[in-house]
Amino acid sequence: MHEMGIILHLAKSLEETAAEQDIKKITRVTLEVGEVSGIMTDYFVDCWNYFKKRHPVLDTAELVLETIPAVTWCDACKRTYPTVQYGRTCPYCGSGETWLLKGSECVIKEIEVED
Amino acid sequence: MKIIELKETVTASNDRDAEVLRGELKQKGTLLINLMASPGAGKTTLLERTIRDMKDELRIAVMEADVDSDVDAVRIEKIGAKAVQAHTDGMCHMDAGMTRRALEGLGDEPFDLVFLENVGNLICPAEFDTGAGRCVMLLSVPEGDDKPLKYPLMFSKSDVLIITKTDVAPYFDFDVDACVSRARKLNPTIRVFAVSAKTGEGFEAWEEWVSEQVETWKY
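First to last, the sequence lines map onto chains A and B.
Everything in the first sequence is counted per the working numbering, starting at 1 for the first residue and increasing by one.
Everything in the second sequence is counted per the working numbering, starting at 1 for the first residue and increasing by one.
For reference, chain B alone in the conformation it holds in the complex (with noise of 0.2 Å):
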């Protein structure tokens, strides 16, 4: 018997292969955006108006992590993006090995911008780097200025947090401010929008980043 010593996180081997696909995202210039949030706060439909209003500048494309069902994936085909929908097999979250599927699942045609819808939870999907370029969370109003109380990690990994559902919070008590300084105190650098798909509110705002950084993604 002999004993070696490792010292390595469990998730080593999934950190070491997202960074491999992220480099290769980076050589071929797409911009890999991974998109999370609790089921309900809004990802599909904050993807249907972004592709929408974005899809004449630039070439995007969806893929959809869901543990069932290809529902979403059908939504934004129906808008006109390609779409791949992704079945974790009853995993809580997508991982790198997963992400480089779904993407082999968008055949060879170039991508500047390709979102990974992942599952619905707060939790798991923080945990495992998918190779994205970006991480982007859903708060929507509906669940609450808590959150980032109750799920610190996902805030503390995310470079963007958007506040979904505005156009309700005359019905709710969610203190954007309250919600934004606890989401700070975790992430100091963490951009916020506030959106409506509804309206549109705060949609400019969100997509000139999104613009902003597919641009600085392909130098």
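Here chain A stands alone, though its shape is the one from the complex (with noise of 0.2 Å):
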């Protein structure tokens, strides 16, 4: 649903980063999503095709999207789980006091650029 914005501050992080270390042609950038990150990629994949032709700096740049698995802890017995398989209740316990530890993120991890 937010792809696009995410897209449009994506483009200018990346582009301050270019002006900063004097680059001049990202061609790939490399981001680590979580599984429940709420992010589609079928449709942020297209959201960038379509906006990095207006950045010089990314017009060519290709996306990788790495999935980062979601992971739940449950305070009642101390483990953890999948998320996406068990949701909110702890499937060792069927305890309810859980909360996510990692999979909400959308991180840029690195980028390659020409020399």
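Hints listed in this document are in silico derivations from the structure and should not be mistaken for laboratory results.
Hints are all accurate, no fakes.
Facing chain A, from chain B, some residues (calculated, C-beta under 7 Å):
no. : residue
1   : K2
2   : I3
3   : I4
4   : L6
5   : E8
6   : T9
7   : T11
8   : A12
9   : S13
10  : N14
11  : C124
Among the chain B residues that face chain A by a calculated CB cut under 10 Å, a handful are:
no. : residue
12  : M1
13  : K7
14  : R16
15  : D17
16  : G90
17  : M91
18  : C92
19  : H93
20  : D95
21  : G97
22  : N121
23  : I123
24  : E127
25  : L149
26  : L153
Below, simulated DSS-like cross-link-like pairs (lysine-lysine); rule was C-alpha separation at most 25 Å, straight line:
no. : chain 1 : residue 1 : chain 2 : residue 2
27  : B       : K198      : B       : K78
28  : A       : K109      : A       : K25
29  : B       : K157      : B       : K7
30  : B       : K82       : B       : K26
31  : A       : K53       : B       : K2
32  : A       : K12       : B       : K157
33  : A       : K12       : A       : K25
34  : B       : K82       : B       : K28
35  : B       : K7        : A       : K53
36  : B       : K185      : A       : K102
37  : B       : K2        : A       : K24
38  : A       : K109      : B       : K2
39  : B       : K7        : A       : K25
40  : B       : K150      : A       : K102
Just so you know, these numbers come straight off a predicted model, no measurement behind them.
Note that beta-carbon positions come from the ideal geometry of N, C-alpha and C, so glycine has one too.
Mind assembling these two chains? They're in different frames, but the hints should get you there.
Written as structure tokens, this is what we have:
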């Protein structure tokens, strides 16, 4: 739903980085996207391919998405479990006293640039 | 070819802009409150009553953010507060850059308190820091007490939860205690007010909180 907004900020961050480090061309951008970040990857890539053309430093850059599995911590039995499969309820003890450890992030891991 | 490791969130540039804006507003002594809720929760109606009650005490302005139209800004101006309408050009939220441009639209006049009425949506506005000093969310009785379960980020990011339209509570099965305990599980320090803009119930406590925040923001 907010993929377009995220792409606009991503493009801006990358342009800033390029200006700071005197990079002429970014050829690949690798993002780590959490399983429960709410980002729809197909739509996200479409938005990227549309917006990158507006930025000369990015216009040929490929976007690579690496999925980060979501993990939830159960405070009742002090164990972790996969979020997507079990949701909010701990599969070991049935407790709802749980919270997400990771999986909601969207991080720029690295960029590949022309020398 | 070379690889550069960045390890920063995709919204890092927005977070930086928001931090700068917050600092500038603090210097000016202007408290910006980011008001978030789903469409129809009563954001504009809450503002109308709040402004009427507080406009002699504080210099208040409102930035209305919508995808289209200016109906909300017109409503606010009718009651005598300065309002600007910001259009988000199809975006489902305001970010720090858009907020800065909207603030510029208010001109050079000094304000103690500026409300940003964000786009009606419980998802995206929570993800983007606008530079506001405080985040306030509304949840209306007809929407249901289960919303903290469905939109956890919004409840986690807000300093205040206002339950609105309490006058219609007899016609709905909204369990206030259940709602508050769900919200506190996500955000133990969230302040909660229950109000009705129709009857005025709960406005005294809410407005007292606003006054306190404006005072503490100035120093």
